[in-house]
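**Student:** Residue numbers (my numbering), protein chains in the order written: chain A, 18 to 574; chain B, 759 to 1039; chain C, 1289 to 1580.
Since the hints were derived computationally from the structure, they do not count as laboratory data. This one's a predicted model, so the numbers in the text were calculated from it and none came from an experiment. Some clues are possibly wrong.
[As the list claims (entries may be wrong)] Lysine-lysine pairs mimicking DSS-like chemistry, simulated, CA-CA at most 27 Å apart: (1) B/Lys958 with B/Lys867; (2) B/Lys958 with C/Lys1334; (3) C/Lys1572 with B/Lys928; (4) B/Lys867 with C/Lys1572.
[Said to hold, decoys possible] Ranges between beta-carbon positions, derived for each pair: (5) C/Ile1352 with B/Val1022: 50 to 56 Å; (6) B/Ile871 with A/His362: 29 to 35 Å; (7) B/Ser987 with C/Ser1566: 39 to 45 Å.
Cβ atoms here follow ideal geometry from the backbone N, Cα and C, with glycine treated the same way.
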Amino acid sequence: MVNKIAVLSKDTVAAMLSDGTCQIHRNGELTDSFNGGEAYALSGYGKYAARYNDGNTGVYLYNVEQKNIEKEILLTKQYQNVPQIFMNVENRIFLVGDLGIIEIDRESEKCVTVVAAEQTMLSNAAYFPLWFEEKDGTIYILFTNRDQTSGRLVQYQQGDGKDNSSLVSTDGHQLTIYGLYDNELIRTAVSEFGLKHPDIDIVYEAAESAEGAVTESDLVRTLNARIAAGNGPDIFVLDGLPMDSYVDRGILEDLSGMLSETDVIPNIQTAYESGGEIYAVPARVGLPIIIGTQDVMNRSSSLSSLADYANQAEPPYFVEGSESYETVIESFLPFYINSIVNENHIDQDSLRMFLEDMKKISDSVNAVEITDFDSSHSPRRLAYGQVSLAVCTMKGMIDDEATEMIAFAKLKGNYAVYQNLFEPYGLLGVYKASGQKELAIEFVKTALSYEVQETEYRHGGFPVSLSALEKWRDTDSDRGGATGDPDTGIQINYKWPDAASRNRLYEEILSLKTPVVCDQVVRQRLEVSAAAYLKGEVTLETAVQEIANEVDLYLQE
Amino acid sequence: MRRKNGLAFVGTLLLVWFMLEPIFIVVVCSFMKGEEIRISFGGVLQGSTGYASVPILPYYFSAGNFKELLLRTFEFFVMFWNSVGQVICIVVGQIVIGVPAAWAFAKWKVKWIDYLFGLYIILMLIPFQVLMVPEYLTLYHLNMVDTHFSIILPGVFAAFPVFIMTRFLKAVPDELLEAARLDGAAEACIFFQVGLPLGKQGIGAAVILSFIEYWNAIEAPMTFLQQRSKWPVSLYLPNITKENAGIALAASVIILIPTLLIFVLGHDLMEEGIANTGLKG
Amino acid sequence: MKLPYRKSQTKWTYIFRNNTWGFWMLLPSIVGVAVFHVIPMAEMFKRSFANNTTKAFAGFQNYISVIGNPSFQLAVKNTILFLGTCIPVLLFFSLLAAYFVSKKKDDIRKTVMLIPMAIPVASIVLVWKLMFSRYGLLDKLTGGFAGGVDFLNSKWAFGVLVITYVWRNIGYDVILWAAAFNSIDRCIYEAADMDGADRFMQFRYITWPCILPYGSVIVILSLLNAFKAFREVYLIAGEYPDQSIYLIQHLFNHWLADLKLEHLCAAAVLVMIVVSLSALLFQKALDKGVYS
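All chains, please: the whole structure from these sequences, using the hints.
**Tutor:** Put into structure tokens, the structure is as follows:
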């Protein structure tokens, strides 16, 4: 199958096959081929073709006439993994992707960012560059969406984007967005918002994106110092940030007014309500679920009975001996954590129950200290009949993993969402003391709008906009996939969930109620100390006491 | 006699080993390939198992980590020169501002001078976390946040070097100064001709200590500088996991070198400065 | 004796006219310190008396809630314990080392002892983890009878911390003590020798009283370095270390991370007052005759 074609001249064509070979055809005959890296990136003109090298650490410049790789240009780390390569008629090489448009100088092998991506279509995850041309300093790119049902032709001048701010007249309006982690949906929202408001400079700071000797807590402290000085960002992406403290201290603006104008599903809105006001809204949600055989699911009404059944389940819950204590705890923690963590202290009874349940499960599967294996409780193993239980989080409607999960659940038994819990992603809040509050609120609205919500994002979660959800519920598709167990040779084909399944998921999403406690500190403490108990290093009471002491210390601060 | 010498020699060796062992380990490990580091360190690094073992020499000597660090990640360079620039500016500033102040604290006989000095001592002792937020506020109002000045200026006006230099300058005997005054010398003259030369070892000591302090500063640059391009190299050492242990170690070695250099070159100055406090007129 | 001022001037005019040199030399430093350090300190005072959300005056409310906070009490207890242990230990060992080293005017040993101070903390972290964490070298050594101990995350953490502190700062204090030793005139020792005093008596009656005044400087500097030890603890043991080494700076960090600034400022003021009082008292107590 051919992935990409580059027309080099009127009788020469380069074709990239799906197995990664690039073939050169002259006058209809195959004359040469060469290998390399990424099988979707190929471009060329005249006597040169360009593609990524093996390992995707650089670019091969292939000379068609000499039939060899004339040059290998290595890229520094920050420029690796840019999706597309394009070459213009002068054989200048451009990398195009969510970092922007970057030109590689063939002689000096240096990379120069020609157009920065931040507020352009380049960072819009819904669109991909399909066609590229550069002439006299002006760049034209044709973007198309994934289904190739719509396209946009965009023109850039060299130096566009943030690099050359004189081209972007900002009128002093600058919107700052701060988040700890990079979030594709936010980037897309930035791009969409930028299209509607070309005169506003939007700065999206994803603090953790670069390496450094800083921990997340350091970043949070730095952010708080800024807030204390009155210099907070206009919009917060609250994942990993101390949202409760912010609410207590009146840092966040009430969004209920704006939310009533959107179609965010009401149960999500109320999940973040406090004192009649809504301070944050997730842009996406994920569902922690348990999938299991019918037997297992019959006993899943309470977590403890689920744990009790661990010894008798056939096949076992997880593959024996291939699960580590840490992963056992990690997978089940979301279901227990809400009852363990209270305002000011740990509920020791719930904690005890959690530890006992975990012990039962980890004992029954002979959990080990450390494992390099893939987690054995993935839904695939369930499908292969190796295990009778899978604990996972459904993170997206288009994400193939979700399709798999629904299909396997149907195949083997059933799945259950536990106590209407959900995990929020891209939790958005607006800074109360912001100078551009209206604009900030409008940005959040854009992030919750149909256009942004109905796009797919890898592992991005389910949309919270009703119209986007309904669109998905009503969409049929013959997308699907296949997976096979190398050991037993079982092949399983699965397809896009049918209407009934989609409807069921739709209903589940509409009944979500409680966000899972996300507090990293508590989670880490629990995971580490619980692991110690499971390994037998401490007794149950000691473990409970230790955890209670440490976490209470934290909660009481 | 020979036995005593032998004992002393062994004692010295032990001392050297105990004090410098971490440096040995870091240097040796930085020349190891990633695989070997993982094996040597075992369960100590995240995500591995097994006991660690003592690395004496690398099995396969490889400078790959250094190559990777120096040639492929130019942010390391940028940060390195940031550090150099910031620290030099701070140290120079500390001398220019701090030495006259120390001289005044040491020799200016005014009633309230000791109380003022007490204030400096208090300021010196306050841990940074405490003043971090208010200092950020001040810098924000001065529009200095996210500029190099946000690091340099608070450093220039630090209380610690003044404290050290005052101690040394106090040791310059007053009789000398009186004699100079009676000879009709102006105060400025006394400062430059008498005070500075006699106190220069003390100034040297303060410089070295300041250099070490600011070369390894972590909290201040992280809080006051938003753009990574302005960060000093002390913030480069990433969290050490089994993936990047090699680069982290190589970076440690490179960051260590300037400090050691300054130390080796300057320690005579420092020790002499202290030894000379007992100058008799 | 010839008077330094003309009879027509009064004493005060003289002082003002001729003694202002100090003022000018101090001025740049004072201005800078005031702007960059004293003003923030004042801001901190102000915030400690104000309610964080409403910015209204709240009296001693913050102080009361801070003092009553169990985390604060634990942190204070640990910090005092730490300071009370590590500083005397350091002083003792450095004094001992200085006594042996200063006799020989031996450069190498002094330099070698100083080097740990110069190593960046982040490099040390890895080595410390190598030595002290679970599966580390020490754990391997004691694996037999202790059954797998993580020295960094258990009650041994306190000991590790003290060792770290001493290792790092011993060179510093040795130099200072050596200087103190060298300030004593050799002649006194010779005279004492001739009078028949042995080494112990010499130490007790000559050395000790003479170096005592230097002690105040050394204690203050050791205190300063003890506060800096926090960075090592933080990088090695993380945000929430074992309870025995949960220091006051950990709490400050967490309060900042939760934006509980009013608590932070109130506690900071308290800490500052206690520390400065102790430091100044020490200085007064040991400073007899140091300026002579």
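**Student:** At the C-beta level, are C/Ile1352 and B/Val1022 separated by a distance inside 50 to 56 Å?
**Tutor:** Since C/Ile1352 and B/Val1022 have Cβ atoms about 53 Å apart, the given range 50 to 56 Å holds.
**Student:** Lying within 39 to 45 Å: is that true of the beta-carbon distance B/Ser987 to C/Ser1566?
**Tutor:** 42 Å, holds
**Student:** Hinted pair, alpha-carbon criterion (27 Å max): C/Lys1572, B/Lys928. Please report holds or violated.
**Tutor:** 17 Å, holds
**Student:** For the pair supplied as a hint, B/Lys867 and C/Lys1572, is the alpha-carbon distance within the 27 Å limit?
**Tutor:** Status holds; Cα separation ~18 Å.
**Student:** Quick one, are B/Lys958 and C/Lys1334 close enough, alpha carbons at most 27 Å?
**Tutor:** Given that 27 Å is the threshold and the Cα spacing comes to 40 Å, the pair is violated.
**Student:** Has the hinted range 29 to 35 Å been met by the Cβ atoms of B/Ile871 and A/His362?
**Tutor:** With a Cβ separation near 53 Å, B/Ile871 and A/His362 fall outside 29 to 35 Å, so the hint is violated.
**Student:** Run the distance test for B/Lys958 versus B/Lys867: straight-line Cα separation, threshold 27 Å.
**Tutor:** 22 Å, holds
Hint check: violations occur at hints 2, 6; the rest are consistent with the structure.
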